[in-house]
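Asker: Now for the letters of each chain:
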Amino acid sequence: MIKFLFKYLTYFIFFIFCIFLFLPKENIYYMMEKKLFEYKTIVSYEKINSGIFNFDVKNAYIFYDGIKFAKIQEVKTEMYLYEHKVQVKNFKLFDSFKALFPQNINNVEILHNVLTPKEVTIKAEGDFGLLDGKVDLVQRKLKLFLKASSIMKKKYKSILKQMKLKNGKYEYEYQF
Amino acid sequence: MNINSNKILKLIYPFGALIFAAYFINTVLFFYLPKTTVEYTNVNVPTINFTRYDMAKPFGLIKAKKPKKAPVKVVKKEEYQLLSNLILKAVYAKTNNEGWIIIQEKANSKTQMLEKGELFKAYKLIKVFKKYVIFEKNSKEYKLSMPGQKEEEKLKYEVITKKEEKTNDWKEKISIDGDTVKVTRKYLNSYVNDI
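Residue numbers (my numbering), protein chains in the order written: chain A, 1 to 176; chain B, 177 to 371.
Keep in mind the hints are simulated off the structure, nothing from the lab.
It is possible that some hints are incorrect.
[Claimed, not checked] Which chain A residues face chain B? A few, computed with CB under 8 angstroms, are given here:
no., residue
1, Phe15
2, Ile28
3, Met31
4, Glu33
5, Tyr39
6, Ile42
7, Leu144
8, Phe145
9, Lys147
10, Ser150
11, Phe176
[As the list claims (entries may be wrong)] Restricting the straight-line Cα-Cα distance to at most 25 angstroms, the calculated cross-link-like pairs of lysine-lysine (DSS-like) are:
no., chain 1, residue 1, chain 2, residue 2
12, A, Lys7, B, Lys186
13, A, Lys58, B, Lys349
14, A, Lys3, B, Lys358
15, A, Lys118, A, Lys92
We put the beta carbon where it would ideally sit given N, CA and C, even for glycine.
With the sequences and hints as input, model every part of the structure.
Answerer: Spelled out as structure tokens, the structure:
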């Protein structure tokens, strides 16, 4: 029985490996771009680098409704059998949006682990402070916890007002 | 042997099938997914060619400035300096100042053979002597000598004619040294005496 299970588990892992190997990653990225376009958001002028288990986008400009919105230095996507990871580095808003949102996001990490398949964890760090959260894929719920920085508390009170303050952390929930 | 190969095939077959299945699924996915990216193009930027046109000039409102003529640079061709640039290497002189010569340019050590009447950089070889040659350009003559050649040796000789005692004839002594000619006084006096 154990031999049988081990055999089919090997087949399954090998099959997943082959799926990742032949996955048309660039086309999936194009599909995501088209989905974003429906929300008036365009990712442009980027350089794409596609590997077997990774997919990187460098120097991407984001336009919202025809206005230059932000620049992302690097988006790294790593797909392994046990873990999927998306890392966003140096996300910078253009000056015209500086008054509405904090300008710099230094690092964002989105993780999906095989051990917790229902959840996606989010960690971010930037001018707003420290942020961590979870996405429940079954209940389709996003929960974020923000440890706001002094800049955030001073300049972006309007954003913080939309969040609940619990134990010194600002909490935000969104159902999609 | 056959049994062994069958075992290997049995082992490989499911993996091959899995590769094929994964490839097939991804191929179907590839046909379903979009093939082109979405890029931002700014449609508000006019693409009409911009031409700057001065309206005031055609109606004489502003005096049209004459275009400045760029100063024409006159490049002076340096005249070839024959004497300072050439070395007379060899002379084959015949009678009537005819013959051939071999000259060498100092700059590149190139040698050239010239016959009387031939031109070398607008200089015409007109006379060939044993130790030097004469070139001509613009009715000017240029003398090119063999290197290391000394100035022509100065002519130096004496002519002595003694007066014979019997005939009471005069004594003559003329010494020539280059351009100077010395005649003894006694000899000159004899001419006076004769008068």
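Asker: Hint by hint, note whether the structure agrees.
Answerer: Going through the hints against the structure:
Restraint check, A:Phe15 versus chain B: the minimum CB separation of about 5 angstroms is within 8 angstroms; hint holds. Nearest Cβ of chain B to the Cβ of A:Ile28: about 6 angstroms, under the 8 angstroms cut. The hint holds. Given hint, A:Met31 at the interface with chain B, holds; its Cβ is 5 angstroms from that chain's nearest Cβ, closer than 8 angstroms. The interface hint given for A:Glu33 is met, as the beta carbon of that residue sits about 4 angstroms from the closest beta carbon of chain B, less than 8 angstroms.
Contact between A:Tyr39 and chain B, as hinted, is not supported at the beta carbon level, the nearest pair being about 12 angstroms apart and thus beyond 8 angstroms. Interface hint at A:Ile42: satisfied, since its Cβ lies 5 angstroms from the closest Cβ of chain B, which is below the 8 angstroms cut-off. With its C-beta approaching chain B no nearer than about 28 angstroms, A:Leu144 sits outside the 8 angstroms limit, and its interface hint is violated. Nearest Cβ of chain B to the Cβ of A:Phe145: about 33 angstroms, over the 8 angstroms cut. The hint is violated.
Hint status for A:Lys147: violated, given a least beta-carbon distance of 35 angstroms to chain B, over 8 angstroms. Violation of the interface hint for A:Ser150 is found here, the shortest Cβ-Cβ separation to chain B being roughly 35 angstroms, above the 8 angstroms cut-off. Hint on A:Phe176 is violated. Least Cβ distance to chain B is approximately 22 angstroms, over the 8 angstroms limit. Distance hint between A:Lys7 and B:Lys186 is fulfilled; the C-alpha atoms sit about 13 angstroms from each other, no more than 25 angstroms.
Taking the CA atoms of A:Lys58 and B:Lys349, the gap is near 114 angstroms; set against the 25 angstroms cutoff, the hint is violated. Between A:Lys3 and B:Lys358 the alpha-carbon distance is near 141 angstroms, which puts this suggested pair outside the 25 angstroms criterion. Of the pairs offered as hints, the one joining A:Lys118 and A:Lys92 is violated, with about 31 angstroms between alpha carbons and a cut-off of 25 angstroms exceeded.
Checked against the numbered hints given earlier, the structure breaks hints 5, 7, 8, 9, 10, 11, 13, 14 and 15 and satisfies all the rest.
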